[in-house]
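Asks: Now for the letters of each chain:
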Amino acid sequence: MINMVPAKKTSTREPRVATSTSTANASLGSVQARYLVAEYLRDWGLRDPDIIAAESRRIVDQAATETLERHGTIVPRTLCATAIHLTMAEVEAAIASMAASSCRPGRNGLPANHAVVPHIARLLMEFPDAIQHRDRPPAKLLQVLESSVTSIVPHPYPREMLAQPSTRLCSLFRVRFWAELCGRFRTWVTHRVGVS
Amino acid sequence: MLRLLRWSATGWSSEIETPRYRRVRWMLLALTILSTLAVLTLFVNVLSINGINAAEALLIPLFTLLFSWIAFSFWSAAWGLILVLGGKNPQEEDASTILPRVSVPLSRTAILMPIYNESPTDVFSGVEAMLQSVQATGQAETFDFFVLSDTTDPDIWLEEEQAWSRLVSDCGTKQQVFYRRRPRNISRKAGNIADFCCRWGSQYEYMIVLDADSVMEGETLVEMVRRMDADPTLGILQVPPAPVNRLSVFARLQQFASRLYSDILIQGFCSWAQFDSNYWGHNAIIRVEPFTQHCGLPVLPGKAPLGGEILSHDFVEAALMARAGWKVRLAHDLGGSYEECPTTLLDFAKRDQRWCQGNMQHIRLIFSEGFRPISRLHLTMGAMAYVSAPLWLLFMVLSALGMWLDGDSSGAEPSWMAGAATIFGITMAMLLLPKFFSVIALFKQPRRLQEFGGWDNVVGSAIFETLVSIAVAPIMMLFHTRFVVSTLLGQKVTWNAQNRGEEDITLGEALLVYGPHTLAGLLSAGVMAVFMPSLLIWFLPVVFGLILSVPLAMTLGNVRLGQRLAQQGLLLIPEEIASPRILYLQQQALAARERSHDGPPRDKLFDSVLIDPSFHALHRNILHATESNVPAPKEQVQAIQELIEREGPSAVPRDARKMILSDADALRRIHIQIRSQVRFPRTGQGNVEMSFS
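Those sequence lines, one after another, are chains A and B.
For the first sequence, the working numbering assigns the number 196 to the last residue and increments by one with no breaks.
For the second sequence, the working numbering assigns the number 889 to the last residue and increments by one with no breaks.
For the record, the hints were derived by calculation from the structure and aren't laboratory data.
Heads up, a few of these hints could be off.
Claimed, not checked - In silico SDA-like links for lysine to any residue, alpha-carbon gap of 25 Å or less:
1) Lys-800(B) - His-119(A)
2) Lys-499(B) - Met-580(B)
3) Lys-688(B) - Ala-163(A)
4) Lys-499(B) - Ala-163(A)
5) Lys-546(B) - Thr-317(B)
6) Lys-499(B) - Leu-169(A)
7) Lys-688(B) - Thr-348(B)
8) Lys-830(B) - Gln-869(B)
9) Lys-499(B) - Cys-170(A)
10) Lys-800(B) - Gly-844(B)
11) Lys-546(B) - Leu-590(B)
12) Lys-140(A) - Asp-366(B)
13) Lys-140(A) - Arg-362(B)
14) Lys-688(B) - Val-495(B)
15) Lys-499(B) - Phe-173(A)
16) Lys-830(B) - Arg-168(A)
17) Lys-499(B) - Leu-162(A)
18) Lys-688(B) - Arg-168(A)
19) Lys-688(B) - Ala-121(A)
20) Lys-284(B) - Pro-770(B)
21) Lys-800(B) - Val-193(A)
22) Lys-140(A) - Gln-371(B)
23) Lys-800(B) - Asp-43(A)
24) Lys-499(B) - Leu-172(A)
25) Lys-499(B) - Arg-174(A)
26) Lys-546(B) - Gln-687(B)
27) Lys-499(B) - Gln-164(A)
28) Lys-800(B) - Ala-121(A)
29) Lys-631(B) - Arg-644(B)
30) Lys-830(B) - His-85(A)
31) Lys-499(B) - Pro-165(A)
32) Lys-830(B) - His-155(A)
33) Lys-800(B) - Glu-92(A)
34) Lys-546(B) - Arg-644(B)
35) Lys-631(B) - Thr-429(B)
36) Lys-800(B) - Arg-777(B)
37) Lys-499(B) - Ile-74(A)
38) Lys-830(B) - Arg-77(A)
39) Lys-688(B) - Met-577(B)
40) Lys-140(A) - Gln-869(B)
Working from the sequences, and respecting the hints, build out all of it.
Replies: Now the structure itself:
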């Protein structure tokens, strides 16, 4: 899991732990996949090389296991796609969790709905370990999140706006009115004159 | 019929209506009828000199209709002048304007900015300026902003999302700015507003409806809410918007005319319309509950263009609101309300083409059940604004025909000449005097005169504007005639976004658009010169404008000339002499956005949303939050994925882009596809150079 990565930043680069996919006989596919995951994390705004290295290694391992289980063999292309998919899901879940934990209800009782964290890259640069603390963000990060997390739209309270009935012409402008009037006049004349 | 007359006389029920504007209505009606009858008598006398032939017989009802139309406008403006000179407020009896300002919390209000393929930079600069202006009033908690997009262009859609994201990250959570885009543009702007009412309307007492180019001062927004709170029977309060910010000669002419002449016209209008006023579609505050209950637009019987969905919604919504017993008022005394106008004659005509079709649909409503008489008058006036053009043209054609039937010598008769000159003089005076009234009114408004830059600026600009408007009138007459005829023939108009840019017109464009006008002018002048030379002098103002339409259109659309006129002190408006704070904030926000634009260009945003993970997540979040996810057919997504693999995201056509952007799942799949195939040497932070395997 992403929050298993050590949060503490060190001044010197830690030796990389050998894993099953980064051994000398590691396939070209896992190297490619790690490179792509690392790039992906960097594009999100993560800048800490240790976190990036450890995360890409862990995610690609997980992706390799999944690919092997599903397909029985590791095709580099499938491995890369699975690794990116996992990375995307984890980062987005982490951000959603942070947004949810910091998003206060809207003003005047409006509940917040689908919040976003604008400029997440800037935030991750400032707090490189933010993703690791997604469930219990530190107070300083929470403070920053509270002033930046924004709802896209308020919670809807659906109701109908019915179209007004179709406009009917005033009686003076309706053919039927004149037809009725003529009919009444004819009846009156008939009655007066006495013709049946 | 009697009931109709009685109703028009009484209007609102006696407990609401005050005797004063009832008297004004009667007075204006009487003056219009009397002046029309007087000039009609003169007209018939002139026609009778050589006997009335068939064409002239047709002229009589036509003249009555056209003259009564201008007579009513004239007397309304004249009454406006009298009110200004007398220092009277046309709505002084109204309680809401004299209520003391109490410091009670204001009701919650949503500020709606419906947009449709507009420039996101301009739109969000306006929103940002209003946010700052509202915050300065200390009433920020009262307002929530909603940017309601109906945008269909996928690149503009993405730019809107980026602009919104930037705005909310800049302003933080101090103020709520929401963004939603509808997947389907049902019923255009009216449908967009209705969608808001259905989803979130119940949470707000009022909504302030803006246009994409509208801005309003925070103080004005607060005052609008205060007035609505003060009068629980008020349904719509419209604040007249002043056109600003444009530079071309034509735009500056409109801005000057609107700023100078609107004062007495609006004063006159308010004096008779009072609580049966009108709604102009934007820069107005609306009580949400009655609007939702009573203003769902009906579908007109018959097919488009005259039937079907109502296009010009504002007048109808005002009429429906008034029908339900709510007041509709014009806040003539409130400033700080601005909009932008078309910059060229062609853009102006294009906008008119849309409005023409919309207003002509109203003709049926004029004769429909249930509407208040003054609402019917507003609908009639809206339709007449366009229908009068072909009637005017018909009048001229019949006049020429009538004289030709009488023989060419008929026009040389001294009594005929004197009578015709008198009628012509009276008509021109009634058309042009309202402009002069506005200049006269400045004698009583020294502060306003100062705002316009003094007498030299005002008089010079007014003369210039009057001459140009005389030259432009026949061009617009031909445009409007074409629009009316094409609407009657069943041609529908596409309601595209208004062109809000400022570009000069090339000779080729001018010849293409105004060539027929020039030809019509030359042809009619030639025919008259050959067959009825004595008539030519009467038609000179008309043919002059038509013949010169090409150079005129090019000159009017010229931005540099407009700026030079401003340097000479011509056509200046108060907002150009001393910029209001909101316009200053808007310009600042616009400059800041243009200066700090570091993202990809608009046509590369689709590539960006497929590659950049945070932009991709933002877009998908918005789709889910606004319930606008529309799944695309799997085969088509598959085809697009193959295309992207072969040629890259830039090769995806526009419609396919829109389809992919609307489907969160397809977007996710393509995102993963691209990100798991890309080989990129990094060229800099945030920029990737791609090659596809």
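Asks: Hint by hint, say whether it matches the structure.
Replies: These are the hints, each one checked on the structure:
no. : hint                    : verdict
1   : Lys-800(B) - His-119(A) : 19 Å, holds
2   : Lys-499(B) - Met-580(B) : 22 Å, holds
3   : Lys-688(B) - Ala-163(A) : 23 Å, holds
4   : Lys-499(B) - Ala-163(A) : 18 Å, holds
5   : Lys-546(B) - Thr-317(B) : 23 Å, holds
6   : Lys-499(B) - Leu-169(A) : 16 Å, holds
7   : Lys-688(B) - Thr-348(B) : 19 Å, holds
8   : Lys-830(B) - Gln-869(B) : 15 Å, holds
9   : Lys-499(B) - Cys-170(A) : 20 Å, holds
10  : Lys-800(B) - Gly-844(B) : 12 Å, holds
11  : Lys-546(B) - Leu-590(B) : 23 Å, holds
12  : Lys-140(A) - Asp-366(B) : 19 Å, holds
13  : Lys-140(A) - Arg-362(B) : 22 Å, holds
14  : Lys-688(B) - Val-495(B) : 16 Å, holds
15  : Lys-499(B) - Phe-173(A) : 19 Å, holds
16  : Lys-830(B) - Arg-168(A) : 46 Å, violated
17  : Lys-499(B) - Leu-162(A) : 21 Å, holds
18  : Lys-688(B) - Arg-168(A) : 24 Å, holds
19  : Lys-688(B) - Ala-121(A) : 48 Å, violated
20  : Lys-284(B) - Pro-770(B) : 23 Å, holds
21  : Lys-800(B) - Val-193(A) : 86 Å, violated
22  : Lys-140(A) - Gln-371(B) : 22 Å, holds
23  : Lys-800(B) - Asp-43(A)  : 17 Å, holds
24  : Lys-499(B) - Leu-172(A) : 23 Å, holds
25  : Lys-499(B) - Arg-174(A) : 19 Å, holds
26  : Lys-546(B) - Gln-687(B) : 14 Å, holds
27  : Lys-499(B) - Gln-164(A) : 18 Å, holds
28  : Lys-800(B) - Ala-121(A) : 20 Å, holds
29  : Lys-631(B) - Arg-644(B) : 16 Å, holds
30  : Lys-830(B) - His-85(A)  : 19 Å, holds
31  : Lys-499(B) - Pro-165(A) : 17 Å, holds
32  : Lys-830(B) - His-155(A) : 31 Å, violated
33  : Lys-800(B) - Glu-92(A)  : 24 Å, holds
34  : Lys-546(B) - Arg-644(B) : 33 Å, violated
35  : Lys-631(B) - Thr-429(B) : 35 Å, violated
36  : Lys-800(B) - Arg-777(B) : 35 Å, violated
37  : Lys-499(B) - Ile-74(A)  : 62 Å, violated
38  : Lys-830(B) - Arg-77(A)  : 21 Å, holds
39  : Lys-688(B) - Met-577(B) : 22 Å, holds
40  : Lys-140(A) - Gln-869(B) : 37 Å, violated
Of the numbered hints listed earlier, those contradicted by the structure are 16, 19, 21, 32, 34, 35, 36, 37, 40.
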